Each structure stands twice: as C-alpha cells, then as structure tokens.
Amino acid sequence: MQLKKKRQGPRNIRHQLAAATCGLLAGSSHASSLIASGDNWKIDSALLIYAEKDRVSLAEGVLSISKEIDDDEFINARIVTDVLTGSSPNGAVPSSTAQTFTNPSGNSTYTEAANSTPLNHTFKDLRNALNVEWDTPLSRSLRGTLGGNISREYDYLSTGISASLAQDINQRHTTLTVGLSVNKDTWDPVGGVPVGFAVMPTYPAKKALDGANADKTVKEILLGVTQIINRQTLMQINYSRGQGSGYLTDPYKILSVLENDGSGNLRSTNPYIYENRPDQRTYQSLYWKGVHQFPNENVLNLSYRYFWDDWGIQSHTVDLRYRFDFDGGHYLQPHLRYYQQGSADFYRQTLTDSEETTLSYASADYRLGEFVTQTIGLKYGFAFKNGAEINFRAEMITQKGKDRRADAVGLLQNQQLFPDNEAYLLQGGLSLDSDMLIKYIMRFFK
Amino acid sequence: MIKTLLFSTFISLVLSACSLEPVQPWDRDLLAQQKMQLVADPLEIYLDEHTYFSKEASSGGQGVGGGGCGCN
Chain A
1 MQLKKKRQGP RNIRHQLAAA TCGLLAGSSH ASSLIASGDN WKIDSALLIY AEKDRVSLAE
61 GVLSISKEID DDEFINARIV TDVLTGSSPN GAVPSSTAQT FTNPSGNSTY TEAANSTPLN
121 HTFKDLRNAL NVEWDTPLSR SLRGTLGGNI SREYDYLSTG ISASLAQDIN QRHTTLTVGL
181 SVNKDTWDPV GGVPVGFAVM PTYPAKKALD GANADKTVKE ILLGVTQIIN RQTLMQINYS
241 RGQGSGYLTD PYKILSVLEN DGSGNLRSTN PYIYENRPDQ RTYQSLYWKG VHQFPNENVL
301 NLSYRYFWDD WGIQSHTVDL RYRFDFDGGH YLQPHLRYYQ QGSADFYRQT LTDSEETTLS
361 YASADYRLGE FVTQTIGLKY GFAFKNGAEI NFRAEMITQK GKDRRADAVG LLQNQQLFPD
421 NEAYLLQGGL SLDSDMLIKY IMRFFK
Chain B
1001 MIKTLLFSTF ISLVLSACSL EPVQPWDRDL LAQQKMQLVA DPLEIYLDEH TYFSKEASSG
1061 GQGVGGGGCG CN
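Protein sequence lines, in the order shown, are assigned to chains A and B.
Residues in the first sequence are numbered from 1 upward in steps of one, following the numbering used here.
Residues in the second sequence are numbered from 1001 upward in steps of one, following the numbering used here.
Keep in mind that the hints were calculated from the coordinates and are not lab data.
A few of these clues could be false.
What the hints assert, rightly or not - EDC-like mimics (lysine to aspartate or glutamate), calculated; alpha carbons at most 20 angstroms apart, straight line:
1) A:K379 with B:D1048
2) A:K124 with A:D188
3) A:K219 with B:E1049
4) B:K1055 with A:D54
Since this is a predicted model, take the numbers as computed values, not measurements.
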C-alpha cells in the first residue's frame, strides 16, 4: 500500500525507483514496503486467530514499525506476542481402550478415551518475540541488511542474527542476493529433557533425564537472483541451505510400543517411550516466485518450493495469490496453497517390543510423516485515500496424512493412525503512519 | 536428484519462455507498487510462515533470519 509522504519532489521519485529495485531483495527484507520518511513512522499491525478443530488455539498480535533514518536507510522493528492453548498429538496411536499418560511435568496424568488420537491437553504458552532490521545502501548498487531476533516462550528461547547483501546489476534489471543467518536456541522443557527412547514412566515414577535444558544451532545460507522480466513481471529464484545441530528432538513426543505378536496390542509393561531424532540435519530448498500484473491491474503472485533434507524428507509447495482490484480502493485476494510432504526415514507410527534397542532413531511426530496440507482463503482489503489500509482474511487449512501400513498391525488396522487436522485462520490488519495515528488519537480525545 | 533436475529444467523453461524486455527507470511505475512486491504484505507472510513452520517439516526458501520457536 502507498502511505502519504511528507516530502514531495525528486526524493519521492527516487523512493519509487528505489522501491522498484530494492524490492528485488530476498523475501526476508522488508525494504520494499518501507516508505515512511521524514519524521514519519510506518506502522503495520495484524491480529491472527488460529484454531484447530478440537486441538490448539492461538491468538497472535504483530506490530511492525519502520522508519527512514537517513537517505534510503531504514530500520524496522517487529514485535510479536502470541498466546497458545489446547491440545497437541503426543505421538501415541489410538487404542480400543482408554490410555493414561504421564504429564511432561511428571506430577500428574491425563487419560485419552478409547479410539481417539491421544492428545496432550496441557499446552499453554505465551511467546514474545522481537525482530530488528537495519537496511542501508552500501554503494549506488549494493544494499546491506543486518538483523537480530529474540523469541521467548516459557520453555524455549531463540536468539539469532542475520545479514544479507543485494547487488543490482544489468542496469538494475537483476539483483543478486546472498544471505546468512545463525540461530542459537535452547529448550527448557517442563520436567526436563528426557533421554531418547527412555520409558515414559507411570506416575509417580520419574523419567530418565538428560539434563534440564538442551541447545541447538541452526545456520542458513541463501543465494538468490531476482529478475525484472518486463514492465509487468518480475521473478525470483532462491537456493537455500541450512544446517541444524544439537537437540533436534521434541521433548514432549512419545511413541507407542506394541507386542511382538502382530496383535496390535500395546506391550504390557512400559508401552510408551520418548522419541529420539538425529542431532544433525541438513536441509536445502529451491524456491521460485513470479509476480505479474495483468492489463486490468489484477496481480498474480505464484511461488513453488522444492525442499529436501538428509532425514529423507522431501516436499513440494505451491502458493497462489491473485489480487482483484476494484474501484474505490477495495480489493479481494483469493489464496490457494498446496503442500505435499514425504516422511522422514525414521518416522514410525509404532514400534514393536525391544525395537528401540536396535534402532538409532524413531519419531511418531505427525509433522515428520507423509501428508498433504491444503489451504483455501480469501482476503479483503481497503485502502483509504490518505494511504492507510485495513484488511481481513479468512482461511481454512486441512492436513491429511497416510498411515504407515507396516506400523498398523492387528487391531490398529481399525484405527486412524495419522491425526488428520482441520484449522481455521482469521486475520485483521491495519497499516498507517505515525502522523495519521496521532491525528486519530487527538480526534478521539477532543 | 531427479526432482532437482526436473525443477531446474522447469525454471529454465519458465525463464526462456519469458523474453526479457529492458525496463527503463521511468517505466517502473507498476513494479514500484506495493502489490507488485515479492513480499507485498510482510506481516501476512510472516504469520503464514510461523503457522506452517509449526505444522510441517519444511520451512524457509524466501529469505534468511526471523528466528525459531518450540511451536506445537
């Protein structure tokens, strides 16, 4: 959206041109939308409500403020708070009888009804996050961006830094981008870090611990090319490579262990064990995006990502947004997303008795399984004459997975092992600048 | 590897199908519009990435940085 600019004249023309070229930076940069100048701050805000059917609900507020601090030099701060509550699959499979699990704290139990996906009902979380970016020209054709981020949950801390360079070449028709980031995260799970494959003890016994907290490091590099194709079209291709090392396991996920007789019954003693994942992961992706404006001013935004890693996961993601512009500043934007994922090599929905002594790794986390996510949504936006914008969107997300046949033995053939999911998303957004905000506040108190 | 080659071929075809036309600075009015940016609504994309990061094993591709979370 276009915000009212305080200054008029050549500098604004330069901003428009800069936006056209600087907007070619890789997606992490927000430079393209930063047009606040002078004493004015640009303010973007959004509130998201996300609710899964019978599972997790989340409310997330985001506030982003941006300012031009010098000629073509910008700072941006994004503040995020989210509140999560509800249930999440714990990794165990449904059973024809009720199942009782020990809470992560080890201080109580919860029971899942027969023939239901076992869910951990104790999830409550408050997350606060801050991301700061400084985007500056380093020469007439080179821009640099430095960023830092910190995110805090009651059981997780994430801190990171990132840097990227964007070089315009070919008379600013092409932008070459290189980006680097390093993240240092720490798990501080409720009840401590369980030993991989350790038994989930029956309350009041305590689980075997591998310490109170655990660290992981994630490093990423991105190489990108953005190309102006013609007056209405631009495209971007990125190659990313990331490496995670350290504690990559989910400390709250468990696996069901069955008897060896093919009955599908849980083994009689210690039927649940904690999952165990490799402590290294290298992942890569190729990402393509095209943006095209049609003669009727509608805009197509289409992207495709191919992702693969050394855990055996491969995925394809297609994302399509098509914006219809109407008279008077109104627009509608349908959104379709299709995501298809293959499972990790060590993904198992169940284990059989003693198998944990021969396997190196296993996880029943559905997010490592084979599934398809489909999203359909619609966004409505309205741009005021002064440049402010409000928007709303509603989306439905469905996730359907495949049961791993080798794990669905005996009685389990009558159960749905993959926990299909359905979620709804509602979002409202408001963008304006600080001048407008002050005027609105003054008007309100008059 | 085969899929990588297929993807590369697809990208090459897409690029070759689009004849590159020089666009002078004074003709970049459309490209300068906010709706024509690669990330037209950064908050919407941020919220989407956070949502799917929590529900899928793949993430990233558009940029670097942004931070992690222990999301469920």
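Structure-based check of all given hints:
1. A:K379 with B:D1048: Cα-Cα ~13 angstroms, so holds.
2. A:K124 with A:D188: holds, 15 angstroms
3. A:K219 with B:E1049: Holds: K219 of chain A and E1049 of chain B sit about 18 angstroms apart, inside 20 angstroms.
4. B:K1055 with A:D54: holds, 15 angstroms
No hint from the list above goes unmet by this structure.
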